[in-house]
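Protein chains in written order, with the working numbering: chain B, 1 to 494; chain W, 1 to 505; chain V, 1 to 132; chain L, 1 to 279.
Don't read these hints as lab results, they were simulated from the structure. Incorrect hints may appear among the rest.
Calculated pairs, BS3-like style, for lysine-lysine (alpha carbon to alpha carbon, straight line, at most 30 Å) [as the list claims (entries may be wrong)]:
{"no.": "1", "chain 1": "B", "residue 1": "LYS163", "chain 2": "W", "residue 2": "LYS366"}
{"no.": "2", "chain 1": "W", "residue 1": "LYS307", "chain 2": "V", "residue 2": "LYS131"}
{"no.": "3", "chain 1": "V", "residue 1": "LYS31", "chain 2": "L", "residue 2": "LYS2"}
{"no.": "4", "chain 1": "W", "residue 1": "LYS361", "chain 2": "W", "residue 2": "LYS110"}
{"no.": "5", "chain 1": "W", "residue 1": "LYS100", "chain 2": "W", "residue 2": "LYS110"}
{"no.": "6", "chain 1": "B", "residue 1": "LYS31", "chain 2": "B", "residue 2": "LYS363"}
{"no.": "7", "chain 1": "W", "residue 1": "LYS307", "chain 2": "W", "residue 2": "LYS110"}
{"no.": "8", "chain 1": "V", "residue 1": "LYS131", "chain 2": "W", "residue 2": "LYS366"}
{"no.": "9", "chain 1": "W", "residue 1": "LYS110", "chain 2": "L", "residue 2": "LYS196"}
{"no.": "10", "chain 1": "B", "residue 1": "LYS482", "chain 2": "B", "residue 2": "LYS413"}
{"no.": "11", "chain 1": "L", "residue 1": "LYS88", "chain 2": "W", "residue 2": "LYS110"}
{"no.": "12", "chain 1": "L", "residue 1": "LYS121", "chain 2": "L", "residue 2": "LYS88"}
{"no.": "13", "chain 1": "W", "residue 1": "LYS366", "chain 2": "W", "residue 2": "LYS303"}
{"no.": "14", "chain 1": "W", "residue 1": "LYS100", "chain 2": "L", "residue 2": "LYS2"}
{"no.": "15", "chain 1": "B", "residue 1": "LYS437", "chain 2": "B", "residue 2": "LYS363"}
{"no.": "16", "chain 1": "W", "residue 1": "LYS307", "chain 2": "L", "residue 2": "LYS2"}
{"no.": "17", "chain 1": "W", "residue 1": "LYS100", "chain 2": "L", "residue 2": "LYS274"}
{"no.": "18", "chain 1": "L", "residue 1": "LYS88", "chain 2": "W", "residue 2": "LYS361"}
{"no.": "19", "chain 1": "B", "residue 1": "LYS163", "chain 2": "W", "residue 2": "LYS307"}
{"no.": "20", "chain 1": "L", "residue 1": "LYS274", "chain 2": "W", "residue 2": "LYS110"}
{"no.": "21", "chain 1": "B", "residue 1": "LYS163", "chain 2": "B", "residue 2": "LYS437"}
{"no.": "22", "chain 1": "L", "residue 1": "LYS274", "chain 2": "V", "residue 2": "LYS36"}
{"no.": "23", "chain 1": "W", "residue 1": "LYS307", "chain 2": "W", "residue 2": "LYS361"}
{"no.": "24", "chain 1": "W", "residue 1": "LYS307", "chain 2": "V", "residue 2": "LYS31"}
{"no.": "25", "chain 1": "W", "residue 1": "LYS303", "chain 2": "V", "residue 2": "LYS131"}
{"no.": "26", "chain 1": "W", "residue 1": "LYS361", "chain 2": "W", "residue 2": "LYS100"}
{"no.": "27", "chain 1": "W", "residue 1": "LYS366", "chain 2": "W", "residue 2": "LYS307"}
{"no.": "28", "chain 1": "B", "residue 1": "LYS163", "chain 2": "W", "residue 2": "LYS361"}
Every value quoted in this text rests on a predicted model; they were computed, and no experiment measured them.
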Amino acid sequence: MITQTVFSSRPLVAVLISLLAVPVLLSCRTKDIRETWTFIAATLKFLVVASMLPLILAGNEIRFTVFDVLPGLPIAFRVDAFGMMFALVSSFLWIITSAYSIGYMRSLHEHGQTRYYCYFALSLSATVGVAFSANLLTLYLFYEMLSLATYPLVTHHQDQEAKSSGRTYLFYILGASIALVLPAMLFIYAKTGTLDFAAHGFMGGAFSKSTLLVLVLMLVFGFAKAGIMPLHSWLPAAMVAPTPVSALLHAVAVVKVGVFCVARVITGVFGSDLLLSFNLNTVVCTIASVTIIAASLIALSQDGLKRRLAFSTIGQLSYIVLGVALLSPYAVTGAMLHIVMHAFGKITLFFCAGAIYAASGVKNISQMVGIGRRMPYTMTAFLIGVLSVIGLPPCGGFISKWYLVLGTLQADKPVFLAVLLVSSLLNAAYFLPIVYKAFFCTDEEAQFKKKVDEVPIWCLVPLCITASISVILFFVPQPFLKLAQMGVQAFIGG
Amino acid sequence: MIRHLPALLVIVPLLTALTVSALSWVAPRLCLPLTFGCIGASLASSIGILVEVIKSGPVVYTMGGWSAPVGIVYVIDYLSAPVLVVVTAVALINLIASSKQIDRDFSDKKGTFYTLYILFVTGMVGIVATGDAFNLYVLLEIAALTGYSLIGIGHERAPLSSLNYLFIGTIGASFYLLGVGYLYIATGSLNMADLARFMAMPEHGTSTMVMFAFIICMTGLFIKMGLFPLHGWLPNAYSYASPASSALVAPLTTKVMIYAMIRVGLYVFTPAYVFGRLQVGGAMVWIAVAAIVFGSLLALAQKSLFKMLTYIVIAEVGYMVGGFFLGNRMGITGSALHIINDAAMTLCLFLAAGAITYRTKSDDFKDLKGLFHQMPFTMTAFTVGALAVIGVPPTCGFFSKWYLIIGGIQAGHYGYAAALIFSSLVNAVLFFRIFETAYFDQPGDGKGHHHGHHKHHKHKNKMVEAPVSMIVPLMITALGLIALGIYTGDIVTHVIQAAIPGGIA
Amino acid sequence: MEQIFTAMGAKYNYVAYIILMMVGLYAMIVKSNLVKKIIGMSIFQTSIILFYVSTAYKTGKTIPIVPYDAHAAVQAADFINPLPHVLMLTAIVVSVATLGVALALAMKIYRQYGTLEEDDIHEDLRSEEGKS
Amino acid sequence: MKITGLLTVIICGALLTYYAMDFPDFGDGRSPANTYLSPHFLENTMHDAHVPNSVTTILADYRGYDTMYETTVVLTAGLACFFLLRRKESTSPPARFFRHVPTGLTLRIEEGGKLPAENSKVFTRIDSLWAPDSLIIRNTCRLIIAFVQLFALYVVAHGHYSPGGGFQGGVLLGSSIILFSISNDLRRTLKRFREKTAAVLGAIGVLIYSGTGFVCLLMGAHFLNYEALSPLLGLKTGDPMARSHGIFSVEIGVAFAVMSVMIWIYYNLSSAGKHDEGL
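Chain B on its own, in the form it takes in the complex (with noise of 0.2 Å):
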């Protein structure tokens, strides 16, 4: 299937939306101007995202030059089905959470409100442009300024812990990201003098096997959003910040971009075929399995239902990076649909966290017992939630996990498929306890005697939306699957 390249300057214009955004929300006087304007913002991002959709569906890829900064490199655009799903996925999220960071912020009267709409806003642009990177140049340039962006926004609360997980916030990023990306980005650049991803990669035969090995390994781990041990403590720490920021950019966003990139890395850079032929994608799916086991296992010791919640992320991630490393077509399918699936499970169970404090105060799992009565709504959406993360029938995760399992079989690694099995059944045991004693628990036990009111409505509506929609995808994962079949032909020609 040729894909022609259709050239528009719609990329541009969908990165720079939320960027101009900026400036607007800035001048805006009273607090509900400013909201509107944010979601004005949040809903054009996504109708010019989906503009896209069905060029994109047709085969064809959408490409844009902005600058020609390095003779043979310029900071470029390339829309392809696989940009065009995680770009979808996040701006879709955006305008959802947008309405969610409404009705908590001002339920809880927190300070700073413009300064954190608009990093929210160049955080989404960054997103965006990543998805949309024709070359790991321009690829860098957003992963960076996304670190940055984010960065006030983990440490909103100003205070001294908001201080200390800031800074491990930012040891890990952009540490990782210049001591490991930079190097082996300019390296790469050096001996092949070209970034831009290609098909089945442009390395050709420039390296011999221990260096492709070495260059692997930095840069899946210098991608340190993607949460792969042991650089992935900046993700329990960065749950210090207001939860729809952990809702949409550690469950959506941030790491996502990790995973992306790995991905783009992968499949766009080394190129399935040299990978194979150099037997190195085991290494990269024994990294992803070790940090599923482990993450898995530490989430159920977690009392905090957000590092909790955290620490699944971690997993879930790693299910993404094992399912790109086994490069059989199945299992890329898998992976990319789960970035689908487990961004719409995880907001959700981060909208009913964040739902939960907003209405009682409580954090902690061992003090949530019965609350299921007193907030039914939050609690059933909680529960959708869970399943789409588990991967169960009803709901969206399932399909991914099934072509994940589909995969490993078909590469004919069944290690992996252990690997697999076993963290699932790890899921159900560190979330379902918590469904179970929120609902069904003796009157003397239930720890919430007095009313608590629901929460306001501006947070309740997006948390159905969000698990209404997980269940919705396990019977009409359309535009996904087909994204996402295309970007496996793009990508491996299975």
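Guided by the hints, dock chains W, V and L onto chain B, whose structure is given.
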């Protein structure tokens, strides 16, 4: 008129400096407008020359009508034209930005300050434009003398550090003079192009006189630019001076000295001699690595903002010297590009530090609390400058590091590439340490106090911004950093690539 | 070794300038009194002037003033080389200027610290830093 | 500190001497320096500029651009000393000394004490570190100064034909006025040659130099190309005398500049910027 642009570029500032020095006694009010006019005019003429050079190749201007070896000749080619524009632009922006600071520090001797300011710029422009080795020494001395006096007045230790700077600067300049003397004995000529012609001859290539001339010339220039083992004078000289003069001297002196090193290295001692015959590249790059590593570490150990910035300047000198002595096309492009980028970056940081000290009267780290609330514009410009120094795209710092590191990799000098990465990491720690104090702590409280989830800012600290005349140039410089980054491709392909003689791989 | 001594015989001017230069350098590095350092600096600069001028000399030749009538044939060999002398005029003026600025700075330091001994200045700087 | 200093000096000295071995001998005429460029200057000095003293031709014509910057260095030194040292008279002056002329007694008036009238005949002000007032010195200096200035003008004018020129003449002029200041006291010299005239004259001197160059530019030739001045001087073009006159006007500029800057530096250095009590 175009034919005389190289001369006008230097003569207009000189004549204006003299009129300003005379007028400061007769009609002091006229001094400032005249200074603005003259530096603006020399910026315009340097841009005119740059366009001329890009259009029709190097411009040669014979002073006094005497051709090359006899008289003094101005050669403005692809290497000097962009540096000229940067030097005059930095001088103009700094003049606008520090006019308030000048009123505060030198209120009674403003006329003389402006004269010394213009003479310093004339010296710098002359060094960049000249094609004669001895003329470069004379202009070196003008720039140095004006530099010593501009730095001499400042905080309590300014005269002592300026005197130390004078001693070491004079040793450097005299070594350069001695080197030119050795070259003169060996060849009999003083003109750069003529000397290069002699270098090609075999009997000069092997003579120890020329080799020793190279060593002494380069040592002199290394002293003047503050390369690592010889950098002792730089931190005190730039941090105790008044912010107005250190924001002029810091971005220009070291960069123009590095330009002089590249000019002498490439166009007097031809690259075949420097990299082929002497094999001096490898050792020099290790010295540069030491400069980068120690410069960054010492910057980490500093407690005050200006001191930290000066050590960053020392590390940046290591970048450029290392880039040049790698000996390959990428390294030299990176070093030449970094002259332009680093001048802009250092200007942005020093102006921001000047604006901060203008308000908070002290540049100690513990006095920078809560600056993001009080001085948002200055701090955003400071952040852009910091990101440029760290090397985050799309700022210009990233792209010069791009060329330097690739030059290091292609030359097989991984120590140099690793030092650059290490220095970026240390710079990141340096600046985020400042952002933490500026972002988190509230002004006036001892330590970052704990406050609960619902803390509301009752005492909304009102905005105490620096005066507009400081903010606007600062913003222009910050945007300039990003523009320089984005237009790197054009700068390199049109200007710097043509500046490197063919002999280099 | 004797090759160096015979060479030394014909090149004693270089040895002279090197000795002077080293004396100047030594004074600048080691002396703690600022004025002595300034004196060392001017010796250092004068030695370079000596070096330049000594290279211009041709044994037994006169100063470079050619006979006044314009048509007389001028034999360049019988005049000494004028160019180093011109360069050294500039170098002398530069060294005077640097001397002037150095003395001005030294006076400013004396007015501020009351002493010209760099060690004493550093002492009370350290004690000052200790106090603040 | 001593050992490191000694060590570096010895190592540098040894290195320099060792490398100096294959330099051309002292005084040999065939060394490259003496055979490449300097013969051109010697042979063409009369032809080009009609100036026998080839040093002056190189100084002001062939490498005139260098000398312009040299004069600027002189002016910069003056400006630097002024900029660093000059400060306004303090409102309450420290102790002052007066001599009661009829009796020869010296009075010491503490700070804030009532000072005698400025032009009173009875009390003349003397410096706190005053040298004994000696009639002989004052009068001999008064005699010599005139002749020193006359000789200085000769030196400036005859730079073309004999060793001399702008710098040497300027220094002589400057030293004559400094001699006056040493023999009498700084305040009287300041009355005759005020600081303002010194500063403005210094700037005008360098202005003359670069002005002539700029005029050549305006006349269409390259900067500092004196041939362009021939129409102004009423000579036909290409006449070497144009260059000779150009050189002379430049020498005058240099003399002005050097004289006034020397005096200005003396004023600032001797009185540490107060211009009240000098050497």
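Just pull the numbers of the violated hints for me, sorted ascending.
14, 21
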